[in-house]
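Go by the hints and put chain B onto chain A.
Top to bottom, those sequences are chains A and B.
So the first sequence is numbered by my numbering: it starts at 1 and just counts up by one.
So the second sequence is numbered by my numbering: it starts at 1 and just counts up by one.
Hints were generated in silico from the structure; no laboratory data involved.
Certain hints may be false.
[As the list claims (entries may be wrong)] Derived DEER-like restraints, expressed as beta-carbon distance ranges:
1) A:Arg29 / B:Gln115: 17 to 25 angstroms
2) B:Leu5 / A:Leu58: 50 to 58 angstroms
3) B:Val21 / A:Gly55: 23 to 31 angstroms
4) A:Asn34 / B:Pro55: 30 to 38 angstroms
5) A:Asn34 / B:Arg228: 35 to 43 angstroms
6) A:Leu58 / B:Ala277: 39 to 47 angstroms
7) A:Glu51 / B:Arg260: 43 to 51 angstroms
[Said to hold, decoys possible] Quick look at which bits of chain B chain A covers, simulated, 3 or more residues with Cβ under 8 angstroms:
8) 223–229
9) 244–256
The beta carbon of each residue, even a glycine, is placed where N, CA and C say it ideally should be.
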Amino acid sequence: MTTYYRQHPGLRLTGVEDEGIVLHLDTRRYFSVNETGLLILDALRNPQSAEQLVGVLLERYNVTAEFARDCVAQFLTSCQDSELVVQNDAA
Amino acid sequence: MPVILDIAIGEPAHVAGDGAVFRQPGVAIHYGAPDRPGVVCVQWEAARAHATLEPGSTTAQVTLSRAAVRRLDECTRVFLNAVLILVLRRAGWHHLHGGIVLDPDGRGWLIAGDQGAGKSTTTALLATSGWRVGTDDMVFVGWGTEARVAVAAARTPIALRERVTPRFRAHGVLAPHRKKIVYWPEELGSRWIDRIEPDIIAFVSAGLDRTTRAAPLTAREATARLIRSSAWVMLEPALAQGHLDLLGRLARQARSFRIRLAEDLFNSPGRLQELTA
Numbered sequence: 001m002t003t004y005y006r007q008h009p010g011l012r013l014t015g016v017e018d019e020g021i022v023l024h025l026d027t028r029r030y031f032s033v034n035e036t037g038l039l040i041l042d043a044l045r046n047p048q049s050a051e052q053l054v055g056v057l058l059e060r061y062n063v064t065a066e067f068a069r070d071c072v073a074q075f076l077t078s079c080q081d082s083e084l085v086v087q088n089d090a091a
Numbered sequence: 001m002p003v004i005l006d007i008a009i010g011e012p013a014h015v016a017g018d019g020a021v022f023r024q025p026g027v028a029i030h031y032g033a034p035d036r037p038g039v040v041c042v043q044w045e046a047a048r049a050h051a052t053l054e055p056g057s058t059t060a061q062v063t064l065s066r067a068a069v070r071r072l073d074e075c076t077r078v079f080l081n082a083v084l085i086l087v088l089r090r091a092g093w094h095h096l097h098g099g100i101v102l103d104p105d106g107r108g109w110l111i112a113g114d115q116g117a118g119k120s121t122t123t124a125l126l127a128t129s130g131w132r133v134g135t136d137d138m139v140f141v142g143w144g145t146e147a148r149v150a151v152a153a154a155r156t157p158i159a160l161r162e163r164v165t166p167r168f169r170a171h172g173v174l175a176p177h178r179k180k181i182v183y184w185p186e187e188l189g190s191r192w193i194d195r196i197e198p199d200i201i202a203f204v205s206a207g208l209d210r211t212t213r214a215a216p217l218t219a220r221e222a223t224a225r226l227i228r229s230s231a232w233v234m235l236e237p238a239l240a241q242g243h244l245d246l247l248g249r250l251a252r253q254a255r256s257f258r259i260r261l262a263e264d265l266f267n268s269p270g271r272l273q274e275l276t277a
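Next comes chain A alone, as it looks inside the complex (with noise of 0.2 angstroms):
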């Protein structure tokens, strides 16, 4: 079964010079997140698995997939450490 993630429902997004401040509203928190980062949890306004997350960085950069395949994991797991992403089995 494919694993798919989207944005938590408390998060606000404002891009700020190819940058990104993410605002937690039901933790209070907020984040600084890259240009990547900022592109990957846009993407994530709808449900999406780490391959299509994949899909959306080599689409924008010209890196490899093996590259892109460890941004996305690694991000990943630092936003679900910070629930600003939450996972469902279905997309």
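Using the frame of chain A, we list chain B on its own:
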């Protein structure tokens, strides 16, 4: 857009439990029951008073108990002020803890910083030096002209701690509830200004150096600091995105600086202009 506080005197509703989503000293803010999404209730805890705001409405239905009416000054300052902040937010004006001034070159400044950082002293010094002053404490951020962000001042006097007041020639008035001496900008030789479109954002803090220093901030750093000064952004999910976008736009519109204040500012308040030229 008109905003209305529709006030009645009677028996305020009581919101039970500890489910407050936001608290200020003496004021608890609750979201409505699950069957009334978007409704916000505000309760004053010192004497019974209650306000309800329906989703999207810029009218607050307020009920004050007789006990609250007997403490009307405190009720206005603490409770009705919180209600007003929520109502203005629905009209597109978002509270921020800071001051505004206009320098002699016509540049608008937003002065932000933590409590005790020196916002009021700086504002008072600038008032004595030919700058126009809006407020030192409470402003509202909203859309101005041509997609620029405007910051409007609440008409409140500048409040200074007693230890710095000997530096000012004017005689202020003691505000006992704040334990501070308050001055209207005009009493310090300034003219009031109701709003600006900021060109500069100064995040001030009190330093121990001999000279005042400034360091530029990126727009991202400035946005993060603005969020700290505008805590209501975390409230009411339907309004949070618009509020956050305004703060981000403001941080892109203005040049931002972290400013460590020092004694030299008392002799040359205009140094702030030099540091940000």
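Each hint, compared with the structure:
For arginine 29 of chain A paired with glutamine 115 of chain B, a C-beta distance near 20 angstroms keeps the hint of 17 to 25 angstroms intact. Checking the proposed 50 to 58 angstroms range against leucine 5 of chain B and leucine 58 of chain A shows it holds: the Cβ atoms sit about 54 angstroms from each other. A hinted range of 23 to 31 angstroms for the beta carbons of valine 21 of chain B and glycine 55 of chain A is inconsistent with their spacing of about 38 angstroms. The supplied range of 30 to 38 angstroms is met by asparagine 34 of chain A and proline 55 of chain B, whose beta-carbon atoms lie about 35 angstroms from each other.
Between asparagine 34 of chain A and arginine 228 of chain B the C-beta distance comes to about 21 angstroms, which lies outside the given range of 35 to 43 angstroms. Distance hint for leucine 58 of chain A and alanine 277 of chain B: a CB-CB separation of about 45 angstroms, consistent with the stated range 39 to 47 angstroms. At roughly 49 angstroms, the beta carbons of glutamate 51 of chain A and arginine 260 of chain B sit within the given window of 43 to 51 angstroms. Look at the segment 223–229 of chain B against chain A: 3 of its residues bring a Cβ nearer than 8 angstroms to a Cβ of that chain, three or more, so the hint holds.
Coverage of the segment 244–256 of chain B by chain A holds. Counting CB-CB distances below 8 angstroms, 6 residues qualify, and the rule asks for three or more.
In summary, the numbered hints that this structure violates are 3, 5.
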